[in-house]
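Asker: Chains as they are written, first to last, in this note's numbering: chain A, 1 to 112; chain B, 1001 to 1115.
A portion of the hints provided could be inaccurate.
Capping the alpha-carbon separation at 25 Å, the derived lysine-lysine pairs in BS3-like fashion look like this [claimed, not checked]:
1. K1071/B / K1051/B
2. K1044/B / K1062/B
3. K70/A / K1051/B
4. K36/A / K1044/B
5. K1027/B / K36/A
6. K70/A / K36/A
7. K1071/B / K1027/B
8. K36/A / K56/A
9. K51/A / K111/A
Beyond 12 Å from chain A on every Cβ pair, some chain B residues (computed) [unchecked claim]:
10. L1011
11. E1063
12. E1068
13. E1102
To be clear, the hints were calculated from the coordinates, so they are not data collected in a lab. Beta carbons are placed, not taken as given, at the ideal position from N, Cα and C, and that holds for glycine.
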Amino acid sequence: GQQVMQIPQYQHVQEGEDFTTYCNSSTTLSNIQWYKQRPGGHPVFLIQLVKSGEVKKQKRLTFQFGEAKKNSSLHITATQTTDVGTYFCAGHGSGNTGKLIFGQGTTLQVKP
Amino acid sequence: NAGVMQNPRHLVRRRGQEARLRCSPMKGHSHVYWYRQLPEEGLKFMVYLQKENIIDESGMPKERFSAEFPKEGPSILRIQQVVRGDSAAYFCASSRRTGRQETQYFGPGTRLLVL
């Protein structure tokens, strides 16, 4: 079945350093969504990418969707302690039911 | 403008008991999805429901698990005869419509602990 993989699983950075998480799908995606989950919290929607090669920015966060629509990345510039959490990418499963296939997530720790 | 609501937030059950998890979607949303998150793992799709209909239950275990979304009231995920392996966070999400462009909004989750 369709799989979505993320690396790395964990990342520890010093505050102010950059951070990147990568997402790869076993199949071509119609779109990809990114979520952030704080410790003990629930996934919060960040963004959706739809077009091949699309790049979107939200302040210090930059999201990219690969040309083949099988991979994506999230880059955070100059991390802050408020960036701590687990970042998930998710793609839709086959069919049109809206079912999301999540990656395993990348947990970011930021040392002040 | 309430978001997705789930209750209880924490639930403790002994092996063999039943667990009932409730989810009220956002106002105006008629599509509900249930996901399970084991410790240190991503979310796994379980079931997708519309009012009075199960649309996709491909992620539901074949036994002990059931879900419903009645005409009136919240969606319910029911786990019978719980075992320790059922301990997890169960998240409900809702969307206005179905389809690949729709954003799903997640509730706070129910953390189930089976003793």
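Asker: Against this structure, judge whether each hint is valid.
Answerer: Against the structure, the hints:
The straight-line distance between the Cα atoms of K1071/B and K1051/B is roughly 6 Å, inside the 25 Å bound, and the hint therefore holds. Proposed proximity of K1044/B and K1062/B is supported: the alpha carbons are some 15 Å apart, at most 25 Å. Our distance criterion of 25 Å between C-alpha atoms is broken by K70/A and K1051/B, whose separation comes to about 33 Å. Only pairs whose Cα atoms come within 25 Å are accepted, and K36/A paired with K1044/B is accepted, the gap being roughly 16 Å.
With a C-alpha separation of about 23 Å, the suggested pair K1027/B and K36/A falls inside the 25 Å cut-off, and the hint holds. The straight-line distance between the Cα atoms of K70/A and K36/A is roughly 20 Å, inside the 25 Å bound, and the hint therefore holds. Taking the CA atoms of K1071/B and K1027/B, the gap is near 14 Å; set against the 25 Å cutoff, the hint holds. A distance of roughly 16 Å separates the Cα atoms of K36/A and K56/A; the hinted pair therefore holds under the 25 Å criterion.
Between K51/A and K111/A the CA atoms are separated by roughly 35 Å; this puts the pair beyond 25 Å, and the hint is violated. Its beta-carbon lying about 15 Å from the closest one in chain A, L1011/B satisfies the requirement of being farther than 12 Å from that chain. The claim that E1063/B is not at the interface with chain A holds, since no C-beta of that chain comes within 12 Å of its own (minimum 21 Å). The claim that E1068/B lies off the interface holds: its Cβ sits roughly 17 Å from the closest Cβ of chain A, which is beyond the 12 Å cut-off.
At the 12 Å boundary, the C-beta of E1102/B falls inside the reach of chain A, the nearest C-beta of that chain being 6 Å off.
Checked against the numbered hints given earlier, the structure breaks hints 3, 9 and 13 and satisfies all the rest.
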